[in-house]
Amino acid sequence: MKRIALFFTLFLALCLTGCAMFAPPPDPGTPEQAILERYGKPAATYPDGETTLWEYPGGYWSQETHMARMDKDKRLISWEQVRTDAKFGTLTIGKSTANDVLKTVGRPTETSQIHMNNYKVWTYRYKQDGVWDSVMHVMFDDNGIVQKMETGRDPLYDDDRGMWGRTGVGIGVGGGRWGGRGGGIGIGIGF
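When we follow the numbering used here, the leftmost residue of the sequence shown carries the number -16, and every step to the right adds one.
A few of these clues could be false.
Computed beta-carbon distance windows for the label pairs [said to hold, decoys possible]:
hint, residue 1, residue 2, range
1, K57, T94, 30 to 40 Å
2, R136, A69, 30 to 40 Å
3, H98, R21, 40 to 50 Å
4, Q16, G41, 17 to 27 Å
5, T134, A81, 16 to 26 Å
6, K55, L85, 13 to 23 Å
7, I97, K55, 21 to 31 Å
What the hints contain is simulated information worked out from the structure, not anything from laboratory work.
Keep in mind the model is a prediction, meaning the values are calculated, not measured.
Each residue gets a CB set at the ideal place from its N, CA and C atoms; glycine is no exception.
All chains, full assembly: derive it from the sequences and hints.
This is the structure:
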């Protein structure tokens, strides 16, 4: 009985968390405490002049990240979804730093290294044009300056299994040696 009660409690908590994600964004002027009560502690904070940016990643595989800009009086100035083409477009190759990237689009979904160029790569999952499951690779040199940016299809959503999806049908014909015996016909179905 306790397990069932625990299961339903967890299920209800997850449902309520999901509902909070679909709620309208907070209004400018909302106090810090109300933001913390509604969204919890931010994943990261970034000082930006006289304001502070609070990062709230979300969505499938963090395709969305919201930044809350808080003023010095601890009130919300703006709430913005930053994993967009427009925000990536504000980054300048040869000029933007790793800190600029963090303040613009937040922390990466994953990091890697390209040893040939000695680039550190930050990968961001996002919806390109608000529709396509994509990744943006931001590449930094040893000094932490953006040197290159590339976008492409997100391999996690790339279901390249042909017209039949995961189902496959194959027919094979095998022959023996020239003038010899052997051979056969086979049909296979895969799921």
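Query raised in the report: Does the Cβ distance between T134 and A81 fall inside 16 to 26 Å?
Result: 19 Å, holds
Query raised in the report: Does the Cβ distance between R136 and A69 fall inside 30 to 40 Å?
Result: 20 Å, violated
Query raised in the report: Is it true that the C-beta distance of K57 to T94 lies inside 30 to 40 Å, as the hint says?
Result: 32 Å, holds
**Report entry** Whether the CB-CB distance between H98 and R21 falls inside 40 to 50 Å
**Finding:** Since the Cβ atoms of H98 and R21 sit about 44 Å apart, the hinted range of 40 to 50 Å holds.
Query raised in the report: Between K55 and L85, is the Cβ distance one that fits in 13 to 23 Å?
Result: 20 Å, holds
Requested in this report: Look at the Cβ atoms of I97 and K55 and judge whether their distance stays inside 21 to 31 Å.
Outcome: 40 Å, violated
Requested in this report: Given the range 17 to 27 Å, decide if the beta-carbon distance of Q16 to G41 lies inside it.
Outcome: 21 Å, holds
Consistency with the previously given hints fails for numbers 2, 7, ordered from lowest to highest.
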